[in-house]
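Assemble chain U onto chain G, guided by the hints.
From first to last, the protein sequence lines are chains G and U.
According to the working numbering, the stretch in the first sequence is residues 41 to 152, in order.
According to the working numbering, the stretch in the second sequence is residues 1331 to 1438, in order.
In case anyone wonders, no lab produced these hints; they're calculated from the structure.
These figures come from a predicted structure and were not determined experimentally.
A virtual CB, placed ideally from N, CA and C, is assigned to each residue, including glycine.
It is possible that part of the hints are untrue.
Quick list of in silico lysine-lysine cross-link-like pairs, DSBU-like style, CA-CA up to 35 Å [to be verified]:
#: 1; chain 1: U; residue 1: K1384; chain 2: U; residue 2: K1430
#: 2; chain 1: U; residue 1: K1384; chain 2: G; residue 2: K102
#: 3; chain 1: G; residue 1: K67; chain 2: U; residue 2: K1430
A partial selection of chain G residues facing chain U, derived with a Cβ cut-off under 8 Å [to be verified]:
#: 4; residue: Y73
#: 5; residue: P79
#: 6; residue: G82
#: 7; residue: L83
#: 8; residue: F105
#: 9; residue: D126
#: 10; residue: A129
#: 11; residue: F137
#: 12; residue: R138
#: 13; residue: S145
Simulated restraints, written as ranges between beta carbons of each label pair [stated by the list, open to error]:
#: 14; chain 1: U; residue 1: Y1378; chain 2: G; residue 2: H50; range: 41 to 51 Å
#: 15; chain 1: U; residue 1: Q1344; chain 2: G; residue 2: I94; range: 44 to 54 Å
#: 16; chain 1: G; residue 1: R49; chain 2: U; residue 2: D1357; range: 51 to 61 Å
#: 17; chain 1: G; residue 1: G125; chain 2: U; residue 2: N1375; range: 21 to 31 Å
#: 18; chain 1: G; residue 1: K91; chain 2: U; residue 2: Y1378; range: 14 to 24 Å
#: 19; chain 1: U; residue 1: S1406; chain 2: G; residue 2: R118; range: 20 to 30 Å
#: 20; chain 1: G; residue 1: I94; chain 2: U; residue 2: P1339; range: 31 to 41 Å
#: 21; chain 1: G; residue 1: K102; chain 2: U; residue 2: D1357; range: 39 to 49 Å
#: 22; chain 1: U; residue 1: T1383; chain 2: G; residue 2: R54; range: 44 to 54 Å
#: 23; chain 1: G; residue 1: R49; chain 2: U; residue 2: Y1378; range: 45 to 55 Å
#: 24; chain 1: U; residue 1: V1394; chain 2: G; residue 2: L152; range: 46 to 56 Å
#: 25; chain 1: U; residue 1: D1340; chain 2: G; residue 2: H50; range: 23 to 33 Å
#: 26; chain 1: U; residue 1: E1335; chain 2: G; residue 2: K102; range: 26 to 36 Å
#: 27; chain 1: U; residue 1: T1410; chain 2: G; residue 2: E81; range: 22 to 32 Å
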Amino acid sequence: NAGVMQNPRHLVRRRGQEARLRCSPVKGHSHVYWYRQLPEEGLKFMVYLQKENIIDESGMPKERFSAEFPKEGPSILRIQQVVRGDSAAYFCASSSFRGKLFFGSGTQLSVL
Amino acid sequence: GIQVEQSPPDLILQEGANSTLRCNFSDSVNNLQWFHQNPWGQLINLFYIPSGTKQNGRLSATTVATERYSLLYISSSQTTDSGVYFCAVWGGNTPLVFGKGTRLSVIA
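One chain only, chain G, in its complex shape (with noise of 0.2 Å):
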């Protein structure tokens, strides 16, 4: 019963190179959420999608950052052209309906 599965578990880009983050959720699951989390800092929301629609992205950035939850596949958080500040943890969460979270081990993006 597998949980919710991020790759990779780190990540390193150099500045204006492109990250990849995957999510693949809890089976069954058909809401996901991505976070970002700084050293010392509380999580703070990105996006939150269900499949094949974005339901709220009010705390992902405008420029740069995207993300899909296509009908098969697993969930992807996108970074174009990558700048020190996008080094963070990128986690993310799955859940049913408004239902508990459960989180992936996360991605520890670092820009050189």
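Then chain U, alone, in the frame of chain G:
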């Protein structure tokens, strides 16, 4: 948007001691959850508790929605309880908003 405040920000306990962590929120909520982030960064959902009281082993939680607060009780603390405890609330259409957490250190 909804504001979530947690107290205390930091807490140091001797092993075996009890503690109470508090979460205040600024608006009515229909969903409140407590999480533990261990020292390796893993986030574990402890409770889904929009109202009432729940218990799970040495942990229990109470949410008084009408007064906009929730409490997390840890009894007979162990070193494995160390980490950061987050309260998160869902009010209206806004997905879970997290507080800044309480950092707990349990000393043997």
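Check: Could one say that the CB atoms of G125 (chain G) and N1375 (chain U) fall in the range 21 to 31 Å?
Finding: holds (29 Å)
Check: Does F105 (chain G) pass the interface check with chain U, least Cβ-Cβ distance below 8 Å?
Finding: violated (16 Å)
Checklist line | Pairwise beta carbon distance, Q1344 (chain U) to I94 (chain G), judged against the given window 44 to 54 Å | finding: holds (48 Å)
Check: Can the suggested window of 26 to 36 Å be confirmed for the beta-carbon pair E1335 (chain U) and K102 (chain G)?
Finding: holds (28 Å)
Margin query: K67 (chain G) and K1430 (chain U) were given as a pair; does the straight-line alpha-carbon distance stay at or below 35 Å?
Written below: holds (30 Å)
Margin query: Is 45 to 55 Å respected by the C-beta to C-beta distance linking R49 (chain G) and Y1378 (chain U)?
Written below: Taking Cβ atoms as reference, R49 (chain G) and Y1378 (chain U) lie about 27 Å apart, which means the hint is violated.
Margin query: Using the nearest Cβ pair, does S145 (chain G) come within less than 8 Å of chain U?
Written below: holds (6 Å)
Check: Between T1383 (chain U) and R54 (chain G), does the C-beta distance stay in 44 to 54 Å?
Finding: holds (51 Å)
Checklist line | Range hint compliance [Cβ, K102 (chain G) to D1357 (chain U), 39 to 49 Å] | finding: The hint (39 to 49 Å, Cβ to Cβ) is violated, given that K102 (chain G) and D1357 (chain U) are roughly 26 Å apart.
Margin query: Just to be sure I understand the hint, the distance between the Cβ atoms of K91 (chain G) and Y1378 (chain U) should be within 14 to 24 Å; is that true here?
Written below: Between K91 (chain G) and Y1378 (chain U), where Cβ atoms are some 22 Å apart, the hint holds.
Checklist line | Pair hint K1384 (chain U) and K102 (chain G), alpha-carbon separation not exceeding 35 Å | finding: Given that 35 Å is the threshold and the Cα spacing comes to 40 Å, the pair is violated.
Notebook entry, point to check: Honestly, do D1340 (chain U) and H50 (chain G) meet the 23 to 33 Å range at C-beta?
Noted result: holds (28 Å)
Hint violations for this structure: numbers 2, 5, 8, 9, 11, 14, 16, 19, 21, 23, all remaining hints satisfied.
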